[in-house]
Amino acid sequence: MKTCETCTRVHITRVHITRVHITRVHITRVHITRVHITRVHITRFHITRVHITRVHITRFHITRVHITRVHITRIHITRFHITRFHTAQTQLIL
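Numbering (this note's numbering), first residue to last: 1 to 94.
A hint or two may mislead.
Stated by the list, open to error - Ranges between beta-carbon positions, derived for each pair: (1) H76 with T43: 46 to 52 Å; (2) T78 with I32: 34 to 40 Å; (3) R54 with R14: 27 to 33 Å; (4) T33 with T13: 31 to 37 Å; (5) V70 with T13: 18 to 24 Å; (6) V40 with F60: 20 to 26 Å; (7) T43 with T78: 49 to 55 Å; (8) T13 with R69: 21 to 27 Å.
These are calculated hints, taken from the structure and not from any lab test.
All values derive from a computational prediction rather than experimental measurement.
All C-beta atoms, glycine included, are put in the ideal place defined by N, C-alpha and C.
Using the sequences provided together with the hints, build the complete structure.
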């Protein structure tokens, strides 16, 4: 049995994910172009508050992401249009 599906439109309205456990994330390159820091309060060589208003990140390369557990509770799909659905049946020659 060979099935070939080509789907054009899939609209997903609500996806509720309850638990995501991520064990390892390796980030190789992070290029940050613009960082605007508005307020920095330093009390006694301790930084209490840091307000960052804008952070523009141009490049973000993630090499390895290991996700151990993903629990998805609810998925609501509103529209699901399938344009082409080809089923090719192979006959068994006895």
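Here is what the structure says about each hint:
1. In this structure, H76 and T43 meet the distance hint of 46 to 52 Å, their C-beta atoms being roughly 48 Å apart.
2. The hinted window of 34 to 40 Å between T78 and I32 holds, with their beta carbons roughly 37 Å apart.
3. For R54 paired with R14, a C-beta distance near 30 Å keeps the hint of 27 to 33 Å intact.
4. In this structure, T33 and T13 meet the distance hint of 31 to 37 Å, their C-beta atoms being roughly 34 Å apart.
5. Checked against the given bound of 18 to 24 Å, the beta carbons of V70 and T13, roughly 19 Å apart, stay inside it.
6. A hinted range of 20 to 26 Å holds for the C-beta pair V40 and F60, which are about 25 Å apart.
7. Between T43 and T78 the beta carbons are some 52 Å apart, a value that agrees with the proposed interval 49 to 55 Å.
8. For the pair T13 and R69, the supplied restraint of 21 to 27 Å holds, since their beta-carbon distance comes to about 25 Å.
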